[in-house]
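Visitor: If you want the building blocks of each chain, they are given just below.
Protein chains: 2
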Amino acid sequence: MNVAVVGLGLIGGSMAIDLKKSGFASKLVGIDLEESHVQQALDLKIIDEAGSLESAVEACDLIILAVPVQHIVELLPKVLDQVSTQVVIDVGSTKQVIADLVRAHPNRQRYVATHPMAGTEFSGPQAAITGLFKNKVSIICDVEDCAIEAVKLVNDLYEHLDMPTMSMSAQDHDLHAAYVSHISHISSFALALTVLKKEKQQYNIFSLASGGFDSTVRLAKSSKEMWTPILNQNAKNVLSVLETYMGELDRFRKAIESGDLVTLDALITDANKIRKVL
Amino acid sequence: MNVAVVGLGLIGGSMAIDLKKSGFASKLVGIDLEESHVQQALDLKIIDEAGSLESAVEACDLIILAVPVQHIVELLPKVLDQVSTQVVIDVGSTKQVIADLVRAHPNRQRYVATHPMAGTEFSGPQAAITGLFKNKVSIICDVEDCAIEAVKLVNDLYEHLDMPTMSMSAQDHDLHAAYVSHISHISSFALALTVLKKEKQQYNIFSLASGGFDSTVRLAKSSKEMWTPILNQNAKNVLSVLETYMGELDRFRKAIESGDLVTLDALITDANKIRKVL
Numbered sequence: 004m005n006v007a008v009v010g011l012g013l014i015g016g017s018m019a020i021d022l023k024k025s026g027f028a029s030k031l032v033g034i035d036l037e038e039s040h041v042q043q044a045l046d047l048k049i050i051d052e053a054g055s056l057e058s059a060v061e062a063c064d065l066i067i068l069a070v071p072v073q074h075i076v077e078l079l080p081k082v083l084d085q086v087s088t089q090v091v092i093d094v095g096s097t098k099q100v101i102a103d104l105v106r107a108h109p110n111r112q113r114y115v116a117t118h119p120m121a122g123t124e125f126s127g128p129q130a131a132i133t134g135l136f137k138n139k140v141s142i143i144c145d146v147e148d149c150a151i152e153a154v155k156l157v158n159d160l161y162e163h164l165d166m167p168t169m170s171m172s173a174q175d176h177d178l179h180a181a182y183v184s185h186i187s188h189i190s191s192f193a194l195a196l197t198v199l200k201k202e203k204q205q206y207n208i209f210s211l212a213s214g215g216f217d218s219t220v221r222l223a224k225s226s227k228e229m230w231t232p233i234l235n236q237n238a239k240n241v242l243s244v245l246e247t248y249m250g251e252l253d254r255f256r257k258a259i260e261s262g263d264l265v266t267l268d269a270l271i272t273d274a275n276k277i278r279k280v281l
Numbered sequence: 004m005n006v007a008v009v010g011l012g013l014i015g016g017s018m019a020i021d022l023k024k025s026g027f028a029s030k031l032v033g034i035d036l037e038e039s040h041v042q043q044a045l046d047l048k049i050i051d052e053a054g055s056l057e058s059a060v061e062a063c064d065l066i067i068l069a070v071p072v073q074h075i076v077e078l079l080p081k082v083l084d085q086v087s088t089q090v091v092i093d094v095g096s097t098k099q100v101i102a103d104l105v106r107a108h109p110n111r112q113r114y115v116a117t118h119p120m121a122g123t124e125f126s127g128p129q130a131a132i133t134g135l136f137k138n139k140v141s142i143i144c145d146v147e148d149c150a151i152e153a154v155k156l157v158n159d160l161y162e163h164l165d166m167p168t169m170s171m172s173a174q175d176h177d178l179h180a181a182y183v184s185h186i187s188h189i190s191s192f193a194l195a196l197t198v199l200k201k202e203k204q205q206y207n208i209f210s211l212a213s214g215g216f217d218s219t220v221r222l223a224k225s226s227k228e229m230w231t232p233i234l235n236q237n238a239k240n241v242l243s244v245l246e247t248y249m250g251e252l253d254r255f256r257k258a259i260e261s262g263d264l265v266t267l268d269a270l271i272t273d274a275n276k277i278r279k280v281l
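Line by line, the protein sequences are chains A and B. Under this note's numbering, the first residue of the first sequence carries the number 4, and numbering increases by one thereafter. Under this note's numbering, the first residue of the second sequence carries the number 4, and numbering increases by one thereafter.
Hints were generated in silico from the structure; no laboratory data involved. A portion of the hints provided could be inaccurate.
If chains are identical, the list can't say which one is meant, so a pair holds when it fits in one copy or spans any two.
[Claimed, not checked] Lysine to aspartate or glutamate pairs mimicking DMTMM-like chemistry, simulated, CA-CA at most 25 Å apart: (1) Lys48 - Glu246; (2) Lys30 - Glu246; (3) Lys139 - Glu124; (4) Lys224 - Glu246; (5) Lys276 - Asp263; (6) Lys224 - Asp263; (7) Lys227 - Asp217; (8) Lys200 - Glu260; (9) Lys239 - Glu260; (10) Lys227 - Asp263; (11) Lys279 - Glu228; (12) Lys227 - Glu57.
Modelling step: build the complete structure from the supplied sequences, incorporating the hints.
Guide: Here is the structure:
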């Protein structure tokens, strides 16, 4: 099968590598606005050839949109205008805005909304690695709006990446993603800002980071190109979760301020219940 | 050298394992209030023999206090009352309260305040592992208050654990620790509480956790026995850092609420500077 990957960053690049390796893709065409990304992807043999978006959509059976979410919003309607028997998927971290956008498109059935829940804090074709998706979950949204064979193709794709799939509505996806991913990124960004603001002795930060900081702050390396549009598109859910989060922090603040060790014990005991699910 | 380890949890147990393995300790005596911990440490061959605190202090050259910080406050003065040529260290996560406590003790010079910056979210003798400390930094505080040979012994100890040491005042230690460790734990506890409160479909949490949540929430498994006293003893620094942290979160909240993508970009770009130090 001929596969086009639009956006040759961490996700698109890693997907290209393993779709080729697993035999799912016989030919891989890569598209990226940044010439240097295309060249790197060719040099690294992540893709077989480069192309224009239009010619790639024409020549391929499956088109994967792996660009930041604000660009999916721009590209998806154009690509859908052009498809007939092809299947188009996106792999973005928000789903509701995109679902609303193409709801009435005549080729809506050819599009499957997906979100493979995997990543690292790095970006670009050089960050692409094999095995990134293995045993992680991919969400498939609003399957009732898709052609049956399109959903089958997408399930087959994720099987080739060793990813179990879960089906839910775009609305549910965005709520869950706010809880398990988006708030973690804000928490981490804010932590980095806090430390960078007050702690001028970088030697100390660096040396003492094994005290837990390294783990919680890892996500703060994530790029604005990816995260500003995600937080913007999922603003409603993110703001609701952020309010709850700041409320919980305030309970810690009050307990520490008043030396209320009983409440601190209770808060930590409750937080420990996360052991059951993780 | 005969070494007594008081508190056979993750830190004390892991230290015992590698002090024996590296040849620093010829005999290791273990003390713990919990009988089951002592028995486990004997069964796991983490210690050579069990003993009472009093007899262990009498029989050993070095006494390591590896109990939660509120118990260090209870035990350290008693142990110092009893020592003559022995050296006593603690490995707790706060230093100022303990330093103030023994400032005027006649045997103050025999005590060296240390904080090996290593750990996991697990606890108890079964969590003890070899190599926990390797290439992590240990802080040694207020060396000017210690006998020279006591500091030498402690440097030798950390060299046997492959830990570089840094010297600073107890006051500086507690400020840095609030930034690089204590705030991370509060951030993580609050994140766990947020998700557990709102997200009732645990299957979703669990499956989607690769979206970043797993990394930021790892520390939320940490125990109240360890963390309530740390947050209490370092309340002043922790509250100051927490205030800054909540202020940074509020900047994100406002930018998301008003759809201010320029500010979001700027916040994330600033946060990304953490790449330079980590």
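Visitor: How would you label the pair Lys224, Asp263 (within, between, both, or neither) given a Cα cut-off of 25 Å?
Guide: between (35 Å within a copy, 21 Å between copies)
Visitor: Is the C-alpha distance from Lys227 to Glu57 at most 25 Å within one copy, between copies, in both cases, or in neither?
Guide: Answer is neither; intra-copy 28 Å and inter-copy 58 Å both fail.
Visitor: Given identical chains, is Lys30 near Glu246, meaning Cα to Cα at most 25 Å, within a copy, between copies, both, or neither?
Guide: Classified as neither: same-chain Cα gap 47 Å, cross-chain 54 Å, threshold 25 Å.
Visitor: Within a copy, between copies, both or neither: which one fits Lys139 and Glu124 at a CA-CA cutoff of 25 Å?
Guide: Both ways: Lys139 and Glu124 sit 16 Å apart in one copy and 23 Å across, limit 25 Å.
Visitor: Could you place Lys239 and Glu260 in one of the four classes (within, between, both, neither) given a Cα distance threshold of 25 Å?
Guide: Only across copies: Lys239 and Glu260 sit 8 Å apart there, 32 Å inside one copy, limit 25 Å.
Visitor: How do Lys276 and Asp263 come out at 25 Å by Cα distance, when the copy is not named: within, between, both, or neither?
Guide: Result: close within a single copy only, 21 Å intra versus 36 Å inter.
Visitor: How would you classify Lys227 and Asp263 at a CA-CA limit of 25 Å: within, between, both, or neither?
Guide: Between copies, since 13 Å is at most 25 Å while 39 Å is not.
Visitor: Reference check for the pair Lys224 and Glu246, CA-CA at most 25 Å: within, between, both, or neither?
Guide: both (23 Å within a copy, 23 Å between copies)
Visitor: Given a CA cutoff of 25 Å, do Lys227 and Asp217 count as a within-copy pair, a between-copy pair, both, or neither?
Guide: both (20 Å within a copy, 21 Å between copies)
Visitor: Which holds for Lys48 with Glu246 at a C-alpha limit of 25 Å: within a copy, between copies, both or neither?
Guide: Neither. Shortest intra-copy (45 Å) and inter-copy (49 Å) distances fail the 25 Å Cα cut-off.
Visitor: Since the copies are identical, ignore which copy is meant and state whether Lys200 and Glu260 lie within 25 Å (CA to CA) inside a copy, between copies, both or neither.
Guide: both (23 Å within a copy, 23 Å between copies)
Visitor: If the cut is 25 Å between Cα atoms, do Lys279 and Glu228 qualify within a copy, between copies, both or neither?
Guide: The answer is between: 19 Å across copies meets 25 Å, while 34 Å in one copy does not.
Checked against the numbered hints above, the structure breaks hints 1, 2, 12 and satisfies the rest.
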